[in-house]
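Novice: Residue numbers (our numbering), protein chains in the order written: chain R, 1 to 453; chain A, 1 to 453.
These are computed hints drawn from the structure, not numbers from a lab. Values in this document were obtained by computation on a predicted structure and should not be read as measured data. Each hint should be verified, as a subset may be incorrect.
Unchecked claim - Derived CB-CB ranges, DEER-like:
| no. | chain 1 | residue 1 | chain 2 | residue 2 | range |
| --- | --- | --- | --- | --- | --- |
| 1 | R | Glu218 | A | Lys418 | 32 to 40 Å |
| 2 | A | Asn305 | R | Lys351 | 45 to 53 Å |
| 3 | R | Val282 | A | Asp215 | 34 to 42 Å |
| 4 | R | Tyr450 | A | Lys351 | 53 to 61 Å |
| 5 | A | Asp215 | R | Val113 | 43 to 51 Å |
| 6 | A | Lys418 | R | Leu364 | 27 to 35 Å |
| 7 | R | Asp73 | A | Arg17 | 51 to 59 Å |
| 8 | R | Pro287 | A | Leu380 | 39 to 47 Å |
| 9 | A | Lys418 | R | Val448 | 43 to 51 Å |
| 10 | A | Leu380 | R | Leu46 | 46 to 54 Å |
| 11 | R | Glu280 | A | Asp59 | 52 to 60 Å |
| 12 | R | Pro7 | A | Ser372 | 44 to 52 Å |
| 13 | R | Pro7 | A | Phe412 | 22 to 30 Å |
Stated by the list, open to error - If you only want the chain A side, here are some residues facing chain R, beta carbon under 10 Å, derived:
| no. | residue |
| --- | --- |
| 14 | Phe187 |
| 15 | Arg188 |
| 16 | Leu289 |
| 17 | Ile335 |
| 18 | Val362 |
Stated by the list, open to error - In silico DMTMM-like pairs for lysine to aspartate or glutamate, Cα to Cα no more than 20 Å straight-line:
| no. | chain 1 | residue 1 | chain 2 | residue 2 |
| --- | --- | --- | --- | --- |
| 19 | A | Lys351 | R | Asp275 |
| 20 | A | Lys351 | R | Asp71 |
| 21 | R | Lys351 | A | Asp275 |
| 22 | A | Lys351 | R | Asp6 |
| 23 | R | Lys351 | A | Glu271 |
| 24 | A | Lys351 | R | Glu74 |
| 25 | R | Lys351 | A | Glu48 |
| 26 | R | Lys415 | A | Glu48 |
| 27 | A | Lys351 | R | Glu217 |
| 28 | R | Lys418 | R | Glu217 |
| 29 | A | Lys351 | R | Asp47 |
Note that beta-carbon positions come from the ideal geometry of N, C-alpha and C, so glycine has one too.
The lines below spell out each chain.
Protein chains: 2
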Amino acid sequence: MTDQNDPIDFATDLIRRALEGQPDEETLAGLAELHPADLAEVFEQLDEDEQDQLIRLLDVPTTADLLEELDDDETLEAIEDLTPGRLADLLDEMEPDEAADILGDLPRAQAEVVLGQMEDADEVRPLLGYPDETAGGLMTTSFVALRRQTTAEQAIQFIREVSPTSDIPYYLYVVDRWQKLNGVIGFRELVIASPDTTMQEIMDPDVITVAVGVDQEEVARLMSRYSLAAIPVVDANERLVGVITHDDILEVIEEEATEDIYRLANVSDTELEPDSPLGEQVRGRLPWLFLNMLTALFASWVVSNFESLIGEIAILAAFQSVVAGLGGNSGSQNIVMVVRALALGRMDNKKIWEVLGRQVLVGLIQGLMVGSVVAAVITLLRGDYHLGLILLLAMTANMVVAAVVGTLVPLFLAKIGKDPAVASTILLTAATDSFGFFIFLTLASIFVRYFNF
Amino acid sequence: MTDQNDPIDFATDLIRRALEGQPDEETLAGLAELHPADLAEVFEQLDEDEQDQLIRLLDVPTTADLLEELDDDETLEAIEDLTPGRLADLLDEMEPDEAADILGDLPRAQAEVVLGQMEDADEVRPLLGYPDETAGGLMTTSFVALRRQTTAEQAIQFIREVSPTSDIPYYLYVVDRWQKLNGVIGFRELVIASPDTTMQEIMDPDVITVAVGVDQEEVARLMSRYSLAAIPVVDANERLVGVITHDDILEVIEEEATEDIYRLANVSDTELEPDSPLGEQVRGRLPWLFLNMLTALFASWVVSNFESLIGEIAILAAFQSVVAGLGGNSGSQNIVMVVRALALGRMDNKKIWEVLGRQVLVGLIQGLMVGSVVAAVITLLRGDYHLGLILLLAMTANMVVAAVVGTLVPLFLAKIGKDPAVASTILLTAATDSFGFFIFLTLASIFVRYFNF
Numbered sequence: 001m002t003d004q005n006d007p008i009d010f011a012t013d014l015i016r017r018a019l020e021g022q023p024d025e026e027t028l029a030g031l032a033e034l035h036p037a038d039l040a041e042v043f044e045q046l047d048e049d050e051q052d053q054l055i056r057l058l059d060v061p062t063t064a065d066l067l068e069e070l071d072d073d074e075t076l077e078a079i080e081d082l083t084p085g086r087l088a089d090l091l092d093e094m095e096p097d098e099a100a101d102i103l104g105d106l107p108r109a110q111a112e113v114v115l116g117q118m119e120d121a122d123e124v125r126p127l128l129g130y131p132d133e134t135a136g137g138l139m140t141t142s143f144v145a146l147r148r149q150t151t152a153e154q155a156i157q158f159i160r161e162v163s164p165t166s167d168i169p170y171y172l173y174v175v176d177r178w179q180k181l182n183g184v185i186g187f188r189e190l191v192i193a194s195p196d197t198t199m200q201e202i203m204d205p206d207v208i209t210v211a212v213g214v215d216q217e218e219v220a221r222l223m224s225r226y227s228l229a230a231i232p233v234v235d236a237n238e239r240l241v242g243v244i245t246h247d248d249i250l251e252v253i254e255e256e257a258t259e260d261i262y263r264l265a266n267v268s269d270t271e272l273e274p275d276s277p278l279g280e281q282v283r284g285r286l287p288w289l290f291l292n293m294l295t296a297l298f299a300s301w302v303v304s305n306f307e308s309l310i311g312e313i314a315i316l317a318a319f320q321s322v323v324a325g326l327g328g329n330s331g332s333q334n335i336v337m338v339v340r341a342l343a344l345g346r347m348d349n350k351k352i353w354e355v356l357g358r359q360v361l362v363g364l365i366q367g368l369m370v371g372s373v374v375a376a377v378i379t380l381l382r383g384d385y386h387l388g389l390i391l392l393l394a395m396t397a398n399m400v401v402a403a404v405v406g407t408l409v410p411l412f413l414a415k416i417g418k419d420p421a422v423a424s425t426i427l428l429t430a431a432t433d434s435f436g437f438f439i440f441l442t443l444a445s446i447f448v449r450y451f452n453f
Numbered sequence: 001m002t003d004q005n006d007p008i009d010f011a012t013d014l015i016r017r018a019l020e021g022q023p024d025e026e027t028l029a030g031l032a033e034l035h036p037a038d039l040a041e042v043f044e045q046l047d048e049d050e051q052d053q054l055i056r057l058l059d060v061p062t063t064a065d066l067l068e069e070l071d072d073d074e075t076l077e078a079i080e081d082l083t084p085g086r087l088a089d090l091l092d093e094m095e096p097d098e099a100a101d102i103l104g105d106l107p108r109a110q111a112e113v114v115l116g117q118m119e120d121a122d123e124v125r126p127l128l129g130y131p132d133e134t135a136g137g138l139m140t141t142s143f144v145a146l147r148r149q150t151t152a153e154q155a156i157q158f159i160r161e162v163s164p165t166s167d168i169p170y171y172l173y174v175v176d177r178w179q180k181l182n183g184v185i186g187f188r189e190l191v192i193a194s195p196d197t198t199m200q201e202i203m204d205p206d207v208i209t210v211a212v213g214v215d216q217e218e219v220a221r222l223m224s225r226y227s228l229a230a231i232p233v234v235d236a237n238e239r240l241v242g243v244i245t246h247d248d249i250l251e252v253i254e255e256e257a258t259e260d261i262y263r264l265a266n267v268s269d270t271e272l273e274p275d276s277p278l279g280e281q282v283r284g285r286l287p288w289l290f291l292n293m294l295t296a297l298f299a300s301w302v303v304s305n306f307e308s309l310i311g312e313i314a315i316l317a318a319f320q321s322v323v324a325g326l327g328g329n330s331g332s333q334n335i336v337m338v339v340r341a342l343a344l345g346r347m348d349n350k351k352i353w354e355v356l357g358r359q360v361l362v363g364l365i366q367g368l369m370v371g372s373v374v375a376a377v378i379t380l381l382r383g384d385y386h387l388g389l390i391l392l393l394a395m396t397a398n399m400v401v402a403a404v405v406g407t408l409v410p411l412f413l414a415k416i417g418k419d420p421a422v423a424s425t426i427l428l429t430a431a432t433d434s435f436g437f438f439i440f441l442t443l444a445s446i447f448v449r450y451f452n453f
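Model the full assembly from the supplied sequences, consistent with the hints where possible.
Specialist: Structure below.
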């Protein structure tokens, strides 16, 4: 059932019915007038046959807009059956960075055939060499570069001629004859400048730039820090080679957040969604479970060393998991705070010992408080305070261990250049399970003779 | 030790030394020329006395820029000792939305005194009524609104006069006499328009707007979906009341991601950082551990029902945690995928059963595979396959339960209007621990007579 009040569903139904026969001009024109993001959502609701049918019916500009909005996988599927000529037309119509992304996903030979038939191949080709997750992979080559001595009047004339329709980023850039970046000008400054003002006079020479090979996370951090709508990308010789706009950065920030969340929960494939194909899900998740299995088996070996003690006092088996579980939970609170502080650039290297001290103190307090309540409950239920006391001691010790491991492991991973979110939680659980079982059962074996049950 | 190669540290050292005596004009002018984001970082490195000293020395525009970059807490601390007159001057210099944020954090009476001394109180006052996390709380009132019949020449003249220096958002808005929004114009269109073109001719009448009361997460989703550098905010009568810019949205997206990550790890205070004060840390973390304690005690009660079985075959205590732990881990993989799909608007309500089916299948496969390896290891070590077989069965069943709970709990929480990240993991662990112990020990009690050790 579809919800008739939802405009996307409504449009989808309309198209679906139209595709059963031969859609009239009016329906197609209506589709072309949808915002590309909405058209993409309608498109995603159609089944594969309907999608193929629709792609053949839409005009080039509308199809190009649509492809820019689809995910990489969906785009590849949608263009599968197109001729190289048609695909070349579509790519010519798209932003160079989007076109380069698609070409980069095609087999090398096929990409070359399509490039050969494109008019704007020169704009796209330089972008193909950059890895997806770097500044070079994010930037577009469609920007306006002016010279210092250009007047406002000339600049306006130039913009009229060169890019009458396309979206151009929010700033104008001033370069010298070697394309070296000299300054930046907001459109607002150009608007209010008198006609004979030169770019030199209104440009801001302090431009924040990013090098072409810089990781996308660092690009996002810079643009966020300095509230930039667009950032110029320069090569090793300070030459302007592209521009990255704020909308690309939103995607990066969402991607990076997804990556952190997934890795903290031991899902290694950031592209996974709840309805992803079975094979992908298993590939992205199972390896971590096997690693977790190893640490779990180690922890169970720790317990197995106390087999005779447990045989004697079986109730210990009921409480060992309370010690281990709460330690793990407390430590994961540490991990997320450190991982997040690292991701947002808020972790000051000089403060590590201060942070560690505070986290240990929090662990100690949490251990004492939760442990006391558990101890009180157990003492009331069992009529003997020894088991409760052991639980209090073991839980407190384990939460301190959790604080140390949960704070230092992500910091250490970051220090050696690894992602602090990867494997942190598994290492933490390995520590809190094994140590939790060990300390609890060791204390129990020491105090067993005082037990009164 | 500070790192002399880091420009922030270098500037901090310089200021610190200057503050020991009477800083000269040159040092202060140098500070004023730093980017406000960098100045804020320098400021944060100073101790409280130095900060107070510096605030008194900086001129009004520089201080205003600095305050715009500081966190809410830091801002409040920095302005603590200022006179209402000085504070009013600073707020007049700031963007209206930033000024409103600060006034909103002050005690009501103090805010009124300061407002009384402000020149631009009229711009700021309307913003005070909106909750921080809504469109109204994010928007600024400094935007340019023009009329349909205004010509390009008039518009440019207007911009020159009205806002010669301040930052204004990326678009111009066209309104009628009742401030009702009619259209939007990019600066680029204004630049290339001939002088006598009217706004009516170049405006885009299809404006994507957001209502003033809409939650910030929804605002972020809209701006991200439609790649907007700024979005106009309208009241119930479709009147233009403010504009939200892309940089505010970056912060929202980061905040929301932090919120999700923290809540998944049972930290309820999104503002917490690794070095936050002890009291705040305990308040934001301890309540969740107490909840977790309750579920852990319940799980230990489940185990306690098998006391005599464990007394007989103590090694069971070593393996019960493998079943419970791996179930929890597998289920948390489900939770993050669902929480993330919900956060990014990718969860299609119609697909719930398809998603559930797939997740259960993944759980089944993971349980069978990890369970088989565990079973093989145990069989080799113990020379009896019964315990291994029970582990295989219990682990598979627990991972299926984990898939169901891990998928449905966040979906259910979202359905009833709660945050799907809150408490999901605790409910999951409650299920996988209790059920994991129960199924493993129950199976063991059934098959105990076949055990060969």
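Novice: Hint by hint, note whether the structure agrees.
Specialist: Okay, the hints, checked on the actual structure:
no.	hint	result
1	R:Glu218 <-> A:Lys418: 32 to 40 Å	holds (35 Å)
2	A:Asn305 <-> R:Lys351: 45 to 53 Å	holds (48 Å)
3	R:Val282 <-> A:Asp215: 34 to 42 Å	holds (36 Å)
4	R:Tyr450 <-> A:Lys351: 53 to 61 Å	holds (58 Å)
5	A:Asp215 <-> R:Val113: 43 to 51 Å	holds (48 Å)
6	A:Lys418 <-> R:Leu364: 27 to 35 Å	holds (32 Å)
7	R:Asp73 <-> A:Arg17: 51 to 59 Å	holds (57 Å)
8	R:Pro287 <-> A:Leu380: 39 to 47 Å	violated (22 Å)
9	A:Lys418 <-> R:Val448: 43 to 51 Å	holds (45 Å)
10	A:Leu380 <-> R:Leu46: 46 to 54 Å	holds (53 Å)
11	R:Glu280 <-> A:Asp59: 52 to 60 Å	holds (58 Å)
12	R:Pro7 <-> A:Ser372: 44 to 52 Å	holds (50 Å)
13	R:Pro7 <-> A:Phe412: 22 to 30 Å	holds (27 Å)
14	Phe187	holds (4 Å)
15	Arg188	holds (6 Å)
16	Leu289	holds (5 Å)
17	Ile335	holds (7 Å)
18	Val362	holds (5 Å)
19	A:Lys351 <-> R:Asp275	holds (8 Å)
20	A:Lys351 <-> R:Asp71	holds (19 Å)
21	R:Lys351 <-> A:Asp275	holds (8 Å)
22	A:Lys351 <-> R:Asp6	holds (16 Å)
23	R:Lys351 <-> A:Glu271	holds (18 Å)
24	A:Lys351 <-> R:Glu74	holds (18 Å)
25	R:Lys351 <-> A:Glu48	holds (17 Å)
26	R:Lys415 <-> A:Glu48	violated (30 Å)
27	A:Lys351 <-> R:Glu217	violated (32 Å)
28	R:Lys418 <-> R:Glu217	holds (14 Å)
29	A:Lys351 <-> R:Asp47	holds (14 Å)
Hints 8, 26 and 27, counting from the list given before, are not met by this structure.
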